[in-house]
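Novice: Sequence:
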Amino acid sequence: LPRKWNVCVVGSHDLYEHPHINDLAYMPAEKSGKFGYNLLVGGFFSATACEEAISMDAWVPEEHVIHACDAILTTFRDFGARSGRQKCRMMWLIKDMGLENFRDEVAKRMPGGKLETEGTDLVDSTHKRRDYHGVHKQKQEGLNYVGVNVPAGRIQAKDMFEMATLADAYGTGEVRLTVEQNYIIPNVPDDKVDALLQEPLLTTGEGFASAFKPNPGRLVKDLVSCTGNQFCGLALIETKATGKALAEALEATMDLTRDVRMHWTGCPNTCGQVQVADIGFLGCQVKNPETGKGNVDGVKIFLGGNIGHEAELGTEVDKVACMSLLAYTQDLLIKKFGAKKKRTALMTDEDRAAVSRWENFPFNSGGGLEVFPAGENGKYVVK
Numbered sequence: 037l038p039r040k041w042n043v044c045v046v047g048s049h050d051l052y053e054h055p056h057i058n059d060l061a062y063m064p065a066e067k068s069g070k071f072g073y074n075l076l077v078g079g080f081f082s083a084t085a086c087e088e089a090i091s092m093d094a095w096v097p098e099e100h101v102i103h104a105c106d107a108i109l110t111t112f113r114d115f116g117a118r119s120g121r122q123k124c125r126m127m128w129l130i131k132d133m134g135l136e137n138f139r140d141e142v143a144k145r146m147p148g149g150k151l152e153t154e155g156t157d158l159v160d161s162t163h164k165r166r167d168y169h170g171v172h173k174q175k176q177e178g179l180n181y182v183g184v185n186v187p188a189g190r191i192q193a194k195d196m197f198e199m200a201t202l203a204d205a206y207g208t209g210e211v212r213l214t215v216e217q218n219y220i221i222p223n224v225p226d227d228k229v230d231a232l233l234q235e236p237l238l239t240t241g242e243g244f245a246s247a248f249k250p251n252p253g254r255l256v257k258d259l260v261s262c263t264g265n266q267f268c269g270l271a272l273i274e275t276k277a278t279g280k281a282l283a284e285a286l287e288a289t290m291d292l293t294r295d296v297r298m299h300w301t302g303c304p305n306t307c308g309q310v311q312v313a314d315i316g317f318l319g320c321q322v323k324n325p326e327t328g329k330g331n332v333d334g335v336k337i338f339l340g341g342n343i344g345h346e347a348e349l350g351t352e353v354d355k356v357a358c359m360s361l362l363a364y365t366q367d368l369l370i371k372k373f374g375a376k377k378k379r380t381a382l383m384t385d386e387d388r389a390a391v392s393r394w395e396n397f398p399f400n401s402g403g404g405l406e407v408f409p410a411g412e413n414g415k416y417v418v419k
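To convert, note that position 81 of the sequence shown is 117 in our numbering; the numbers rise steadily by one, no gaps.
Everything labelled a hint here was simulated from the structure, so no lab data went into it. From the three backbone atoms N, C-alpha and C, an ideal C-beta is built for every residue, glycine too. Treat the hints with caution; some may be incorrect.
The list that follows gives simulated cross-link-like pairs (lysine-lysine, DSS-like), each with its CA atoms no further than 30 Å apart [to be verified]:
1) Lys150 / Lys70
2) Lys164 / Lys150
3) Lys67 / Lys131
4) Lys336 / Lys376
5) Lys123 / Lys355
6) Lys164 / Lys123
7) Lys123 / Lys67
8) Lys40 / Lys123
9) Lys377 / Lys355
10) Lys150 / Lys40
11) Lys336 / Lys355
12) Lys144 / Lys70
13) Lys173 / Lys228
14) Lys415 / Lys378
15) Lys131 / Lys40
16) Lys372 / Lys323
17) Lys329 / Lys355
18) Lys376 / Lys164
19) Lys175 / Lys228
20) Lys377 / Lys415
21) Lys415 / Lys323
22) Lys376 / Lys355
23) Lys70 / Lys123
24) Lys175 / Lys70
25) Lys378 / Lys355
26) Lys164 / Lys144
27) Lys377 / Lys164
Label pairs and their calculated CB-CB ranges [as the list claims (entries may be wrong)]:
28) Ala410 / Gly69: 53 to 63 Å
29) Arg166 / Thr239: 17 to 27 Å
30) Gly149 / Gly402: 50 to 60 Å
31) Gln176 / Val45: 20 to 30 Å
32) Ala205 / Gln176: 16 to 26 Å
33) Val229 / Gly328: 50 to 60 Å
34) Lys70 / Asp114: 26 to 36 Å
35) Glu406 / Met196: 20 to 30 Å
Please model the complete structure; the sequences and the hints are all you need to start from.
Specialist: Here's what the structure looks like:
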């Protein structure tokens, strides 16, 4: 293939799979009384452009799902550009060929050499996306699924082994991973739920890198982050520890009336998908706000992103030094998301500790392991 290629199959009205940012998305649909899928194509993120997937005006019955995937993949393989890294995504090919010509080429490669036009969409566009955190009843009587938060998506080996152990002990040995970097344990019987919720990994986190809480705060809940410069050579800033520290400091100092999705990415390749966040933070270098001289770690701020049935890509609105983000984001939450500043007298010891972690955070340290220990989640060493 010319370059990477993402595919998803939508399984519910919630659109947890984020079909609008995949190269190929299968959307449940019906035609002539038969179940199948409408096809969306071309969604992608890159350093130079980001676009939502578009309708291919095509429907395939479920027995031709693999055939359709093969036909689209081989069309991309045979005609996709290879000369420039930034134009090696499938949407560029669709634009170069024209959607109709692209569709015709795919149709030639299908069984019978044709593609049906779109069917009737089975996904309810008025459906409100459900929160999968916490305990939820399954359609199977007596069973539940339990969603737990992985702060900033950082999983250590010990955490992963423990999740497998919990899935064996309380469920059927199955664990689901979400696109927001969290865990779901399905098939937990009613009489085992309370014991699962008392496990150290889901409560205090004692003995692990951090607690994987079923009911996290409104900001930590949907926090997404790329690897950052601790392990990635392309990242311009540290992301996971910074994002976690900021989210916790904001939850400690603000009263929030709604969830706010915050995404962090360390470079313009936007692996952290900042364009679909309520607030996106894209790593960059900015002038030192304290001295006005030299560059320090900063972020480009993106606003207006959305997922689900009202999917939309956000736009860049500002550039801010990481060290200045607490006050800046507090103001943003007040103006854009209906938050209020928490009264100091109402802050708990845990709140004050979160603010202290932010105030002492090692900004501009390069993200090295000597500052951010590899076996931890958000902890740092100040020298």
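Novice: Out of the numbered hints, which ones does the structure contradict?
Specialist: 2, 6, 7, 23, 26
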